[in-house]
Amino acid sequence: MTDWIEQTEDMVYKGRIKVPYTWWVGETGSHFFTTLRDEKKLLGTYCAKCDMVFIPPRKNCGRCFNQDLTWKEVADEGTLVTYTVPAYEADIHPIKPPFAYGIIKLDGADTGLTHIVTGFGDGQLKAGLRVKAVFKEDRDGHILDIRHFQPV
Amino acid sequence: MDKVGIVGVGQTKYERKKVGETFFDMIYEVTVKALDDAGLTIDDIDNVITVSNDFWDGRTISSMAVQDACGSRHKDISTVEGDGVYGAFYGAMRVLSGSFGTTLVVAHNKCSQSRMNQITNAMFDPIYTRALGLDAITSSAMQARAYMDAFGITAEQFARVSVKNHKNAKNNPLAQIALDLTVEDVLKSRLLADPLRLLDASPITDGAAAVIWANEAAARKAKKAPVWMKGVGHMSDAYHLGDRDLARSPALVGAAGKAYAMAGIDDPLKQLDVAEIYDAFSYMELMWYEGLGFCPEGGGGKLMDAGVTQMGGDLPVNPSGGCLSANAVLVAGLARLIECVLQVRGEAAGRQVKDCSTALAHGINGPCGQSHCVMVMGK
Amino acid sequence: MEDVKKKELLSVYSGEAEQPFEWSAGKYVSRFLVEMRDNKRLVGCKCPKCKKVLVPPRRVCGECFVQMDEIVTLSGEGSLYSFTVLNFGFVDPDTGIQRPVPYTCANIALDGTDCTWAHYLEETDPAKIKIGMRLRPVWEENRRGHLLDIKHFVPVEGK
Amino acid sequence: MGKRVAIVGTGQTKASSGRKDVNGQEMINEAVMKALAEAELTRDDIDAVIIGNMDHFEGINYVDTWSVDGSGGFMKPIMKVTTGGTTGTTVAMAAYYHVASGLFDKVLAIGWEKNSESDTTGAIITAFEPIVDRPTFGGAVGGLAVMANRYMHDWGATQEDAARVAVRDRQHALNNPNAHLRIDINIDDVMKSPMISWPIKYLDMCPRTDAACAVIFASEDYAEKICPKPAWVLGTTNRHNFTFIGDPSFRTMITLEECAKALYPRIGITEPLKQFDVMELYLPSSFAGVQWIEALGLCKNGGGPELIASGATNMGGECPINPSGGVLSSNPIGATGLLRVAEGALQIMGRADKRQVPGAKTALSSGFGGCYWSDLMAFSAKKPN
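Residue numbers (the numbering used here), protein chains in the order written: chain H, 1 to 152; chain S, 1001 to 1379; chain B, 2001 to 2159; chain G, 3001 to 3385.
Bear in mind the hints are in silico, worked out from the structure with no lab data behind them.
Be aware that a few hints might be false.
Unchecked claim - Cβ-to-Cβ under 10 Å is the rule here; a few derived chain G residues that face chain B: (1) LYS3020; (2) THR3120; (3) GLY3139; (4) ASP3154; (5) TRP3155; (6) GLY3156; (7) PHE3250.
Built from N, CA and C at the ideal position, the CB exists for glycine as well.
This is chain H alone, in the form it adopts within the complex:
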């Protein structure tokens, strides 16, 4: 009675999930992004209890739940903490290789910002490298308003 199982061809359905998303950035994030867009400045939020400046900014401190954080401008320049150079192309990548991903500790921040690093020479990438943000010309309030970081 189960002969049919062997005889049946394996059908595969090539489908997709295409649901568009609009993520609300919120008041705190909007202040960060409009400042980035309009003034090319990067803002972190400071928790006095933890004595830490967070970037990306937070409305509340995730560690102590302090709700009274204050804005603190951080530099658009900082130190590379870690990095990788992808050796493959993928449609999720916003740019073509060669480029690196890096975590950058901006001067004045206590946490690192993950972003893209380009413009480096052979063997130049290493922890401790000083990098600086390069801003897009036409900015629309998005994390990619920073086009990338590059060595100072």
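Based on the hints, put chains S, B and G in the right spot on chain H.
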């Protein structure tokens, strides 16, 4: 605390692409296998926990695909979306609550059906990070680099993990990739994202797994002696990669500390007989050695070099071949736990660790091992 | 925090990205799709224990937890168990575009089965649709082994 | 044996059609802060966190690890559970079992959704089997409509019968400052509202909502120290019986009936209408509000319209249903079931303000989702034996 133990286990063979099988088919297979292993019938199962992920499955409410396949009709059921060790932990809690004598825990994934880059990109925050295009490989590569830089760990040491686990897999008939490799082979394999290479990474895998928990009374009905849960703990680090010290895993230290305290373990290297830990990438195994207290911070590479975690060493790690040899995401944690059960039972055949009475299973959730779950199993 | 409430509120848009999948139908649904494509036929499967016939075919009878091996050919006709006429549009996740409205979703009790099966009716005026009415499938000329190889169901003439 | 468990604090955000002022983690934190404040606890007191939502509504994979800044999961145990519409009650059950297991004493359960961030129906469609169910599925509204239509056919119930529930829940919502829809409507308004999926009209259906809810569960060792009148969990059960759309019959709400039959004997319920002082039920459409109370044994099958018309389920009636305004007034899907739990607990704790049922001592909360699935959790002012 009352006792809860595993009395039945079942796994599919792990394969690159099970083109003729649905989630439903795989879950039925492992449910029947686990019941047979336990000598129980579906009527002996009091409730069910399923483990799946809506993104991987391409289905919101991914658990709906398997309800009838795991025999959950007319039973309580719930779903953990995360690694299988977490699902197993919740299943054990439901027994410990006194509400149920047994829990069936099943997990499925067919990683072949989707695009890994897109699915793992969705781990990242849509407002601040996702548009950068990170995925599991590039984020892990940054962690691997941070770990190397912090402690002078080398690519050769990473490669030794790959050599060991792929070799161990040769004794595991369910493993997907079993290979005799040299360190050279790993170092010459295709670069994915510096410093990680193809043979440092786990494969794309389809598969499913099941375990059956029982309390003492229900376990008496099973045909095999239970392997008891001796200790358990889970903990999450911060989310944004830049918030964390990626070279260290304090959340694993915390999770393991809790599990060890429950299990009465103060010297894990000595007191554990085997460990199955989540090596989605080779470097992770070394980092997790440290978080699990098998060696001091920064000592993962040296522990590997000393051969301690090889088959025949003081604490063999991943005799099953680990995630590097088969990584049906989420299922992988349950596979770690099942290997522990087989080892403690003495049923691990060609990969059996001698005199095994205490085993550790470990799973992770989130990017770069943000959240860890550790479970100690024993006689 | 100071100043934040005065500013505009931004959003991030995912864009037109989509997640592609290659879902295996499995042997049971494959047989179902092949029969539709090649023979314009609907099939179910029969539980060896409770003898109930379920459509679409699947490996396990949920009620009995036993494997079902017997494929049963159905006439394709059935009676209307219930229906709704949808008047609101939404983004179809498989196409990324809005489904045209109105359309009629029906649960159909196919002859010889013990459950219902969901498909479209051609008729979209609720006043002209009666629960219990006899229905038959209208097949597409070019079939590809897809649920929509049946265009929709229509009343069986004279019943 | 396991520990007895009680709810000792709840928090919910004001529900609305779109929370543009906060992102997901921030909205979650609002609910968490309120729950901690009500219980007079801090983040440090929490032993474990459970969180759930529906992944494809916000496109967030691994919400447990993503949420920690808001949920409080930093360096704490956190786990994600999710089962679709039943997610909120699933989260509550997970918190219950975390505590009942004896492994955790104070556990935070969080449900949330920002339905404004995607096309809700488009995302719901993806809940069903992609090859044989999804192409012709009409979403939650369509699924509820076919059930409603069959119910009218089988029992002669009318659209007006259903409209009474739409009016009842919206009237109740006027007492709930957190409700999304606070609209003073009558039966005529419901009947004249646009037909969206025959026989369901616009005002018969729940809205799309952004909101979060947090509930703190505590063991018997702590509950009474934290809360003067804790809401003790009497029992909980669920049934998620079906895999394909066409599998369930609409004879009644089968899974809910099965839940009631499993739960009531365990907790000493023989006459639910009399013995429960209040119910907070996941009734996503007005028609569900008529039919599903039959499955709960409040009346015989087909008796729903009469019971609703009698006013027994209104505020001041024998067993008020949905004093909060229910799902017809707020539906942040991943939070909706947990809101039912929170509202049921608030009644027992005597903290329901204007929507308080005086002297409520026993409450029932339900969850709905998936393929006509049901969850139940019952509460008592009295510590269970």
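ask   = Given G:THR3120 as an interface hint, is the shortest Cβ-Cβ distance to chain B below 10 Å?
value = With a closest approach of 8 Å, the G:THR3120 hint holds.
ask   = Close enough to count: is the Cβ of G:TRP3155 nearer than 10 Å to one in chain B?
value = violated (12 Å)
request  = Have a go at the G:LYS3020 hint: is there a Cβ in chain B nearer than 10 Å to its own Cβ?
outcome  = Holds - the Cβ of G:LYS3020 comes within 10 Å of chain B, reaching about 4 Å at its closest.
query = Does the CB of G:ASP3154 sit less than 10 Å away from some CB of chain B?
reply = It holds, given that the least Cβ distance between G:ASP3154 and chain B is near 9 Å, below 10 Å.
key: Status of the G:GLY3156 interface restraint (C-beta, 10 Å, chain B)   = violated (12 Å)
message = Just to be careful: measuring from the Cβ of G:PHE3250 to every Cβ in chain B, is the smallest value less than 10 Å?
response = Nearest chain B Cβ about 7 Å off; hint holds.
ask   = Against chain B, with CB atoms and a cut of 10 Å, does the hint on G:GLY3139 hold up?
value = holds (6 Å)
Violated hints for the displayed structure, listed by number in ascending order: 5, 6.
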